[in-house]
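Engineer: In case you want the letters, here they are:
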Amino acid sequence: MNADLQAALLDFIAQPGDFGTLASRVVRHQVATIPAYGRLVNARGGFDGDWRSAPLVPTDLFRELDLCAAPPGDEIAAEFLTSGTTTGTRGRRRVPNLALYHAGMVAPFVDHVLAGDTTPRPWLALVPAREDDPHSSLSHMVDGLAAQLASTTTWAMTPGGLDLDAATAFAAAASEPVVVLTTAFALIHWLDGADELRPLPAGSRMMLTGGYKGRARIVEEGELLTMIAARLGLAAEDVVPEYGMTELTSQAYGRPFAAPPWLEIRVVDPQTGQDLPAGQQGLVAFFDLLNLDNVSALLTGDLGCLDDEGRLTLFGRAEGTVVRGCSLTAEELGVMGSP
Amino acid sequence: MKLLDLNDLDAPHGRRLLEATVAMGFSEPVARAGLTAELDAWASPGALEAVCRELPGDLDDARTPASVLVIGARTLPASLMRAVLMARLLGARVCIKPASGTEALAEALAAVDPAVSLSPFLSDDLEARAAAIAAADSVVVLGSDETVASVRAAVPEDRGFVGYGHRLSVAWLDRDDEDALTGLAHDLCAWDQAGCLSPQVAWVTGDPQRLVRRLADAVRAVEATLPMTLPASASHARTSAKTYAEMMGSAVQTETALLATLPTSAFRASPGYRALWVLPADRAALEAVAAHLSTVGVSGEAPEDLPAGVRVCAVGEMQRPPLSWLHDGRPNLLDMLRP
Chain A
7 MNADLQAALL
17 DFIAQPGDFG
27 TLASRVVRHQ
37 VATIPAYGRL
47 VNARGGFDGD
57 WRSAPLVPTD
67 LFRELDLCAA
77 PPGDEIAAEF
87 LTSGTTTGTR
97 GRRRVPNLAL
107 YHAGMVAPFV
117 DHVLAGDTTP
127 RPWLALVPAR
137 EDDPHSSLSH
147 MVDGLAAQLA
157 STTTWAMTPG
167 GLDLDAATAF
177 AAAASEPVVV
187 LTTAFALIHW
197 LDGADELRPL
207 PAGSRMMLTG
217 GYKGRARIVE
227 EGELLTMIAA
237 RLGLAAEDVV
247 PEYGMTELTS
257 QAYGRPFAAP
267 PWLEIRVVDP
277 QTGQDLPAGQ
287 QGLVAFFDLL
297 NLDNVSALLT
307 GDLGCLDDEG
317 RLTLFGRAEG
327 TVVRGCSLTA
337 EELGVMGSP
Chain B
670 MKLLDLNDLD
680 APHGRRLLEA
690 TVAMGFSEPV
700 ARAGLTAELD
710 AWASPGALEA
720 VCRELPGDLD
730 DARTPASVLV
740 IGARTLPASL
750 MRAVLMARLL
760 GARVCIKPAS
770 GTEALAEALA
780 AVDPAVSLSP
790 FLSDDLEARA
800 AAIAAADSVV
810 VLGSDETVAS
820 VRAAVPEDRG
830 FVGYGHRLSV
840 AWLDRDDEDA
850 LTGLAHDLCA
860 WDQAGCLSPQ
870 VAWVTGDPQR
880 LVRRLADAVR
890 AVEATLPMTL
900 PASASHARTS
910 AKTYAEMMGS
920 AVQTETALLA
930 TLPTSAFRAS
940 PGYRALWVLP
950 ADRAALEAVA
960 AHLSTVGVSG
970 EAPEDLPAGV
980 RVCAVGEMQR
990 PPLSWLHDGR
1000 PNLLDMLRP
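Sequences listed follow chains A and B, in order.
Here our numbering is used: the first residue of the first sequence is 7, the next is one more, and so on.
Here our numbering is used: the first residue of the second sequence is 670, the next is one more, and so on.
Hints were generated in silico from the structure; no laboratory data involved.
Ideal Cβ placement from N, Cα and C applies to all residues, glycine included.
Hints may contain errors.
Rough simulated footprint, nothing fancy, chain A against chain B, three-plus residues with beta-carbon under 8 Å [what the hints assert, rightly or not]:
id: 1; stretch: 738 to 752
id: 2; stretch: 823 to 829
id: 3; stretch: 845 to 857
id: 4; stretch: 908 to 917
Could you build the full structure based on these sequences and the hints that come with them?
Structural biologist: This is the structure we're talking about:
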């Protein structure tokens, strides 16, 4: 960890300034400390100082590469693993220091999910508690936020699955505005499984995250919002989508997704890697300043487009390669083949 | 035999076959080259007779199928054509169940030979599949191992059955002269590397990085006459493979191909569309994928003790198997006979 750079980033979170200059320093740090990224940058002719030219790393490479500034074996603060639902192989991100993670997660959550109201409320978390899933970045985030912002937290996603009774009892007992933090599939499980649900008190809010990879039941967002309104009494504006991923430190929120000042959302042409203008659909990419000891310039497999204010609308996963022939594919071979 | 009338790809029947192949996403030169290679195998002097010599002289007519169902779940045109040809050599009527989107290919075959027809049921329509199987004396399946097993389970014991699952092929370059590199370039570009006879990995005894630079020149010469457009759906996988190579080895990109080296020998699946891993030769790495092997294209000394049924040929010939080739080590006609 570069202490000066971390201090500069913490200052940036508190008082955003010149993104480009700081991003350039971050890239240089990563080139110097993450061997695989250094080799990539060198292979592309070196870093010219413009953060937008920093090579994008496909997030699926976290499945097999250790993209961390801390040498293997060094003590780290956390190791986050992806769900592995796309390929069966879990991506892995070692995080040497969580100071930036913790510093960057509160303000965007408060702004978007809590609409600026930091009054401690009862929270219902339909995600595993951190002790139940220590490698989940989502659990870590919710745990950290709850510790700072909730009056009480009911963890209804147990190692044995969703505790329907606990979640339903939480709703029944709510007498003041509450906050629900959930993945889409857990929420649907709850709404499908609970016979009777009492609408949540007015002023309640929900953070909704995650897709349906590997899940049997898929519900379009419009239908889901209708279900939420009917069963829990929350209007669409009370339900705030969150976009985060294991490979990122920062999160985007809203409909469309808005990024905090330290996270730049990009949409790039899948074939050229060049940035696309607002309104054009392409692959979603990020430059996350807070990914200091991993890689900041990341390319996802999600499709999206930006609006004129740089906010992101998602269109789901990019379709996979259309296979035409009889050659055995990486997927058929399993772990031997990735990526 | 009527099917042999396809040999002129500029005559009406041949043209239809060519257009159906182009409609699968191949450039016309690639489609033409691939079809021509297959049709040349059919027309090779004595080839048909050589295949028919598989049959015992005292073959009981009752065992000869009058009708064969060919299920082309996911395969190249050449493989489907060969399966149909083999059934016709037995004198059987052939009903083709083409993969979705390749109906025109089956129609082109049916147009030239009245004994060939289509059975375009949906893959998940098990009732229609059962009816098609019931109407056939023998069933041939070309597809994934899963598809082959599923169909096998549905075919009664008193019917003939041939299943060709997906396989992979590799090159082994003990000698890397210009002829070998030109041959490997042709093998890579043929059918855009979509076939189970296409090399996914080239193990080389020389220096992989130096070889790749020379191979790139050979590929550039070949791709000038065999163009390919990388579809958008394949871009992300190509980007991941290229980035991984730049991080862990090296990558050279030509107009259409990605030639990537790694310092390690372990087999790595190609994302297809002319992406070749060039790795240090290691017999143990080859043995690790022996169970999946279809063909090993060789230059120089061939690796010893390959499993029975693995085809060994010179590089440049990988996509040109002779008609008498024992597909996956199995006889072409005997398995189609009724038990």
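Engineer: Output the numbers, in ascending order, of every earlier hint that fails for this structure.
Structural biologist: Checked against the structure, the hints that fail are numbers 2 and 3, while the rest are satisfied.
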